[in-house]
Amino acid sequence: MEARKRLSAVAVGGAMLLAVAACGGGGTGTSSTPGATQPPAAGGSDKAFVWALSAEPKALDGAYVSDGESLRVIRQMFEGLVGTKPGSTEVVPALATKWESTDGTNWTFTLKQGVKFHDGTDFNAEAACWNFERWYNFKGAQQNPAVSYYWYTVFGGYAKNEDASLAPSSYKGCKAEGTDKITISLAAPSASFIAALSLPSFSMVSPAAIQKSGDAVEMKGDAPEFTGKFATEAPVGTGPYKFVSWQRGDRVTLQAFDGYHGEKAKIKDLIFRAISDAPARRQALESGEIDGFDQVEPADVDTLKGAGFQVQERSALNVGYIGFNQKMAPLDNPKIRQAIAYAINREALVQAKYPAGSRVATQFMPPELTGYNEGVTTYGYDVNKAKQLIAESGVANPTIELWYPTGVTRPYMPDPKANFEAFKADLEAAGFKVTVKSARWTPEYLDAVDNGKAMVYMIGWNADFADADNFVGTFFQQFNKRFGFENKEIFDKLNAAEQETDAAKRTTLYQEANKLIMDFLPGLPYVHNKSFVGLGKDVQGFLTDPLSNENFSLVSRG
Amino acid sequence: MSLGAAEAAITVAEDHGGGVWREAFKRLSRNPAAIIGAVLIALFLFVAIFADWLAPYTALAPDLKQIKGPGHIPGPTAEHWLGLDDQGRDLLSRIILGARQSLLVGVVSLLFGMIGGIILGLLAGGLGGWFDTGVMRLVDMMLAVPGLLFAIGIAAMLGEGLLAVMIAIGVVNVPVFARLLRGQMLAQREADYAMAAKSLGVKRRRVILGHVFPNSLTPVIVQGTLTLATAIIEAAGLAFLGLSGADPSIPEWGRMLAESQRHLAIAPQLVIAPGLAIVLAALGFTLLGESLREALDPKYRR
Amino acid sequence: MLRFIVRRLLVLVPVLLGLSIALFAWVRALPGSPAQALLGERATQAQIEMINRQMGLDQPLYEQYLRFLGKVVRLDFGTSVQTSQPVIDEMIRRFPATFELGVTALLIAVVVGVPLGYFAARRNGTWLDSATITGSLIGITIPVFFLAYMLKYVFAVKLGWFPNTGRQEARMLDVEHPTGFYVLDGLVTGNMAAFWDAILHLVLPAIALATIPLAIIARITRAAVLDVLNEDYVRTAESKGLTSGVVTRRHVLRNALLPVTTVIGLQFGLLMSGAILTETVFAFPGVGKFVADAIPTRDYPSLQGFILVIATLFVLINLVVDVAYGLIDPRVRVR
Chain A
1 MEARKRLSAV AVGGAMLLAV AACGGGGTGT SSTPGATQPP AAGGSDKAFV
51 WALSAEPKAL DGAYVSDGES LRVIRQMFEG LVGTKPGSTE VVPALATKWE
101 STDGTNWTFT LKQGVKFHDG TDFNAEAACW NFERWYNFKG AQQNPAVSYY
151 WYTVFGGYAK NEDASLAPSS YKGCKAEGTD KITISLAAPS ASFIAALSLP
201 SFSMVSPAAI QKSGDAVEMK GDAPEFTGKF ATEAPVGTGP YKFVSWQRGD
251 RVTLQAFDGY HGEKAKIKDL IFRAISDAPA RRQALESGEI DGFDQVEPAD
301 VDTLKGAGFQ VQERSALNVG YIGFNQKMAP LDNPKIRQAI AYAINREALV
351 QAKYPAGSRV ATQFMPPELT GYNEGVTTYG YDVNKAKQLI AESGVANPTI
401 ELWYPTGVTR PYMPDPKANF EAFKADLEAA GFKVTVKSAR WTPEYLDAVD
451 NGKAMVYMIG WNADFADADN FVGTFFQQFN KRFGFENKEI FDKLNAAEQE
501 TDAAKRTTLY QEANKLIMDF LPGLPYVHNK SFVGLGKDVQ GFLTDPLSNE
551 NFSLVSRG
Chain B
1 MSLGAAEAAI TVAEDHGGGV WREAFKRLSR NPAAIIGAVL IALFLFVAIF
51 ADWLAPYTAL APDLKQIKGP GHIPGPTAEH WLGLDDQGRD LLSRIILGAR
101 QSLLVGVVSL LFGMIGGIIL GLLAGGLGGW FDTGVMRLVD MMLAVPGLLF
151 AIGIAAMLGE GLLAVMIAIG VVNVPVFARL LRGQMLAQRE ADYAMAAKSL
201 GVKRRRVILG HVFPNSLTPV IVQGTLTLAT AIIEAAGLAF LGLSGADPSI
251 PEWGRMLAES QRHLAIAPQL VIAPGLAIVL AALGFTLLGE SLREALDPKY
301 RR
Chain C
1 MLRFIVRRLL VLVPVLLGLS IALFAWVRAL PGSPAQALLG ERATQAQIEM
51 INRQMGLDQP LYEQYLRFLG KVVRLDFGTS VQTSQPVIDE MIRRFPATFE
101 LGVTALLIAV VVGVPLGYFA ARRNGTWLDS ATITGSLIGI TIPVFFLAYM
151 LKYVFAVKLG WFPNTGRQEA RMLDVEHPTG FYVLDGLVTG NMAAFWDAIL
201 HLVLPAIALA TIPLAIIARI TRAAVLDVLN EDYVRTAESK GLTSGVVTRR
251 HVLRNALLPV TTVIGLQFGL LMSGAILTET VFAFPGVGKF VADAIPTRDY
301 PSLQGFILVI ATLFVLINLV VDVAYGLIDP RVRVR
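Chains as they are written, first to last, in the UniProt record's numbering: chain A, 1 to 558; chain B, 1 to 302; chain C, 1 to 335.
Misleading hints may appear alongside valid ones.
Quick list of simulated restraints, FRET-style, between CB atoms [said to hold, decoys possible]:
1) B/L54 x C/L187: 17 to 23 Å
2) A/T377 x C/I92: 55 to 61 Å
3) A/V383 x B/I119: 50 to 56 Å
4) C/A193 x A/A164: 57 to 63 Å
5) A/V244 x C/L69: 36 to 42 Å
6) A/G114 x C/G70: 52 to 58 Å
7) A/V244 x C/A131: 49 to 55 Å
8) C/G70 x A/T399: 39 to 45 Å
9) A/V244 x C/I92: 19 to 25 Å
10) C/L187 x B/I119: 49 to 55 Å
11) C/L200 x A/A503: 55 to 61 Å
Bear in mind the hints are in silico, worked out from the structure with no lab data behind them.
Beta carbons are placed, not taken as given, at the ideal position from N, Cα and C, and that holds for glycine.
Construct the complete structure from the given sequences, taking the supplied hints into account.
Laid out in structure tokens, this is it:
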């Protein structure tokens, strides 16, 4: 059930993107392939490009990971059937030049010809179907949601589900027709999976390389271990960069792939280093040891710019909000929820602690997405109104437990402690008694929030896909222990929106849902943050991407 | 001889105990290091106790009006001698208020460690035999894990909060005190007065609790003074690794130091002020403790 | 002598066994589910339950412990949550870095600390003596990470004399690491640039890490030298007209260094604690950094394995020190 929901969650986003893709996919193919002219050797520049990750990758096989830092490296080496246009969320052709479906159930992809994997084997219809069958036939620890998270999220289950909690798979099969056409069959009509296929987790890997190196996963103790060598020592894809080496605890080295079918990488050596300490990443950029890193702290943006470094803004799709658990008194009282909303000075916090360009949130999704409603009820900062609402609520001396996470920064929450301190002071000023609760982000904090043990808590969401359902649908479409409420009107509205295939009607439904939600106030959204990428002075061609899908092959150093 | 007379004899025999302290204080008053240490401690205690009166501002709730944007940290002015922190609060006030928290962490964790250590050491040194062996193996085990790692482990188990930090630091010090006390008690049991008491038929428990134990406490007290210093430093280390009190609006030096590292380039005063405060407080206890140790050590009494 | 060693080894068994029980119990007592640690904010209830089932935490405790012990004996410490690699592999990869750093720090501590302590004792009561004492006390009261940050800020960020972070310049390609000790690797492969680079990366973290051992060694040396200087045989030697240089070499240093050696053995635990903080500040990819990163990521298998191995090493090093002490000074064996 859960999985099926997720599949349709991306459906309409996919449907909308489909139109764009169909146009682009018609004849032109992916990019300006140099065609008949003599292709220049990849990696014209002999200056290496060094990028600092915040953590080491876990594995270099997209099917096995869902963490951003692994996927960032994987993106450079692998491609899927479809991709996204650099700098946008628009789905564009990648290894498939076009796709079509008459019934939404059977999808035929036309594959690009002449594409080779880094090991010299051909990418063709057989290899593409082999990839889908590989994912579908995952066994044992491969079925663990910590391993094949995105397959599970998009396609639900596997050929032989080994756990009762797994849903039947919505994937039915893949058939190769000749060398350049495949047809993927689904259990039910869906356009969603086109958008989902743009995730790096659905990258095409070389069947020969998997057979040679192995892709075994074992669950050992508390974590999956990638015992097959493909994911750790010999990943092989079709992307602009090929794998060279992975010195654990130190660096991953990639090299431009001479046989790349598209526009070849401008820089020959691409190096990823893991530096987990945020100030250390900034200092490494300042000293010239690295050429770029993600998530520049807002406080450092001006310092870096002042020193002549480039700081590029990314309009990230996210929301930071304060969640209310209505299972716990007094949060079941709407006046108390409203009093909290009026008590908190969101403008002051965003102005002081978030980078310029960040916006105060009025609802649970960013304005870039369709379904955003300009006309929702807003709760401007007003202490007196908050006090008055408390008086009207009939709750004498309301006490609330306010939770904040430690050991973490999130794109929507670069300094959780600062937010917490501001919220606490605001709430106290309005007459609330605040009990401090803090816990490590994983697992204790998320454990408490997800199991309905946290009363008022700071959390948020980063988009997987650019779609309203990925926000409000995820939060409010059914009973959610985090929020602890049943509101049939909201649930029904969101269900209707999810199933609506007409784009205009769907937008209206989401706008209505957003209005209902903000009247009901299950939580208080407070920010849509920007995030920043720091780059060396001589870096050119870097293009930030709302879903962090940055393509390093476009980068050069002048 | 009656038991009472025996006790009197013992008391005479061990009278050097009080004499040692008296003489030690005389020596300390002539030692500049000890005086500096005592002054630093007195200052620290004074600030901690009267923090509310000394602090020019309340400085608990953030004042975001003062902050024009991320990365803007107002520096020292006439109103704010050390400037503001990244939440717009007066840094000097927070340093002053932080003394209280650091003292609390130091004293409470010392008490945890000392009481635990004394119980273990007393049982081991007093009962002897298999129990002693068992306790000493436990102590070996605890000492085998590097202090910070040990504290991390304990704190992880107890969850977030200042109490967890204090217990963690306390537990790390238990084996130190236990081993020290046990060793001292074994030595004292062999001392003349204890032998005499035993031969006079005084009950073992009475000898141990009434005489051997109090006479063995001297090095424990010295160690306690030094442990106050290390506890404050260890609390800072744990804060650096993200283990500190739940409520960030209550100022604590270790946490202030650890959390302002990222502003080092923009506002070094945010790092240097709590760092110096920690060093000075710890130095006070270390100077006094070391001087005390020397003053009480017969080796230096020539 | 053999009996002494055997006796000491036998004492190790209950200590290590007890430690394994304590660490096993520790992981069980920790709050939160590992599933949540793996999945983060995306975890659904069903996913968490499924992962917990797969881990098979439903068997009796003693059986789980025996299984754990059986694996530990075969050096199987499970898989790191941070990296999805066997914990033992992570250790093998990271120990050389920490070892290199620790040895450098200890070297600095000894090379500076012993002469400092020695001259302080010889000039007992002079300004050099007071400066050494005061300096060493300040040395042990500065939080290691505070000092490390200050060193980095001044010498790496402001002056640019040394690199900020890491063990090796990120742009240095084609460097081979046959031993894992980067300084040694530079020499072995004849890559002088890599050799020099490795040394530059070591300097600041090693100085930060060296302060506390340096302070302790200087003070112990001073105290030991003072003791020896006051011993009758030294006075006799001096009164017999032996020049002070001869006395120094023959008697004072040799006798004074005995307690110093023991203290150096005991620095291991301190160095490990220091390494956690220092390596974090300098992003130095060693054991300490890995342990520090294991806390926020809740990488308990790694913490468990590392604590067990570090404690075992500590106990063994102390054994070696004891034995060496016994070899030098026969009186110890009799006890």
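Checklist entry - Hint by hint, which ones does this structure get wrong, listed from lowest number up? => result Of the numbered hints, 1, 8 do not hold.
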